[in-house]
Each structure stands twice: as C-alpha cells, then as structure tokens.
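Following the hints, position chain S against chain A.
Chains A and S supply the protein sequences, listed in that same order. Everything in the first sequence is counted per my numbering, starting at 1 for the first residue and increasing by one. Everything in the second sequence is counted per my numbering, starting at 1001 for the first residue and increasing by one.
Hints are computed from structural coordinates only; laboratory data are not their basis. Be aware that one or more of the hints could be misleading.
To be verified - Only pairs whose alpha carbons sit at most 35 Å apart, straight line, appear in this in silico DSBU-like list of lysine-lysine:
1) K37(A) x K104(A)
2) K104(A) x K42(A)
3) K37(A) x K56(A)
4) K42(A) x K56(A)
5) K71(A) x K37(A)
6) K104(A) x K1014(S)
7) K104(A) x K1009(S)
8) K42(A) x K68(A)
9) K71(A) x K56(A)
10) K56(A) x K104(A)
11) K1014(S) x K42(A)
12) K68(A) x K56(A)
13) K42(A) x K1009(S)
14) K104(A) x K71(A)
15) K37(A) x K1014(S)
16) K42(A) x K71(A)
17) K37(A) x K1009(S)
18) K68(A) x K37(A)
Unchecked claim - Restraint ranges, calculated between C-beta atoms of paired labels, are given here:
19) Q58(A) x Y1095(S): 39 to 47 Å
20) G1016(S) x E15(A): 26 to 34 Å
21) S1067(S) x K71(A): 33 to 41 Å
22) S1080(S) x T69(A): 26 to 34 Å
23) T1005(S) x K68(A): 31 to 39 Å
24) G1003(S) x P82(A): 22 to 30 Å
25) K68(A) x G1051(S): 25 to 33 Å
Even for Gly, the Cβ is constructed at its ideal location relative to N, Cα and C.
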Amino acid sequence: GESVGLHLPTLSVQEGDNSIINCAYSNSASDYFIWYKQESGKGPQFIIDIRSNMDKRQGQRVTVLLNKTVKHLSLQIAATQPGDSAVYFCAETSSNAGGTSYGKLTFGQGTILTVHP
Amino acid sequence: NAGVTQTPKFQVLKTGQSMTLQCAQDMNHEYMSWYRQDPGMGLRLIHYSVGAGITDQGEVPNGYNVSRSTTEDFPLRLLSAAPSQTSVYFCASSYSPRTLGTEAFFGQGTRLTVV
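Just chain A, with the same shape it has in the complex (with noise of 0.2 Å):
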C-alpha cells in the first residue's frame, strides 16, 4: 500500500534555532495532511494542517509548506523552545466518491525532535 514517510528519524537543535522536519508522501490522490506532535506517554496532539489546494499554512510559531509536485511537505518550528522536544508525525488521508476514506490517516515513522537549551 502507499505510505508516508519521513527522511529524518531525529534532530537535534539548539534552543531558539528554527527546525525544520520533512515527509514525503506517495499516494499522489492524497489531499489532506496534518502534523501531529507526540509527547513521552501521550497521546498524539495536532499542530496544523493543510489541503491540497494550498502550498502554505501558518500557524503559531509553525508553518506548513507542501509541494505537491514532488509529494513533499515539511514543518517549519520558528525559535523553537526545550518544550518542543517531541516525535512529530506526518499523517495523510485522501478523500474518495463519498468522503468516507477521510477517516483512513496513514502515518510517517515519525521524527524525534530535540531542543538542547
């Protein structure tokens, strides 16, 4: 089946730098993408998300870039802080006759992110 992935398994940054984290995807019919961030025994909690038919989308501190030409999208952290320290996860669904697929999220392997201080 297709699947996300990501080419990243970890990074390491220092505090106040910018991160950057990228996926790719394959399933070319995919039209939904979100971002979740994952703390130690907890639940995965969404960051932002973005459809299709736009390229960005920001949103506190982060941003979205997709570039559906070469199935690509990456999370932008701006001065990113120790309590980002996280697994990041890229998530895709696409959407079929009758909508229902939506609920079908494929998830990348996930990115751990860590903010030295």
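For chain S alone, coordinates are given in the frame of chain A:
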C-alpha cells in the same frame, strides 16, 4: 474535563485471552477510530466508525472487533490475544471525518502486553 477517555492505561494478557479496550468521548463527535503504535513506527489504523452503527476496517484489522452502539463509546475487542498484539493503542475522535485534523482528539493510550 471534555476529551477522549481510554481505559485501562496498562494491561497484561496471556496468549489466547480476550479483552475489551474502552474508549469514550463526551464531545458528540461522529468519527472515532482506533490505532496501534509500535516502536519506531507511526500509528496504524485498526478500525474506525463514522457514526453510531457504522464501522469499517482500517489498515490492520485482523484479530480485532469493534462496535458502535452509541455515539459516545467505541470499544475495541481482542478476540484471542497474541504476542504480536503487544502495542500501545490509541483511540481518537473528531466531529466529522472531514474535520479530522482540526478537531481530532486522541486519548492517552493503553499499553498492552501479551505474554
């Protein structure tokens, strides 16, 4: 507090035993789902439901059953536990499948060990 509640948080089973993982949400969400998370991997969808009385299979449904008799509850049943089902299980809910991301809430997880 509103949210997704999973019970139990930890469970050890012997091979062949059966059990039910409970999931409840009080947000009147239509969509609920179960995922499993194995070390070094992302979450994989087991089963999902788009509303009461409606369920469907995800990526890894074998060995699991679900039902959705009410909007609030979405239990996951392990019919005959196997060591391969050792994992962390997450339940998630959202108002509708089309708003899965913006309104998705995950439970705290159930860590299951099958010996």
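Check each numbered hint against the structure and report the violated ones by number, ascending. 19, 20, 22
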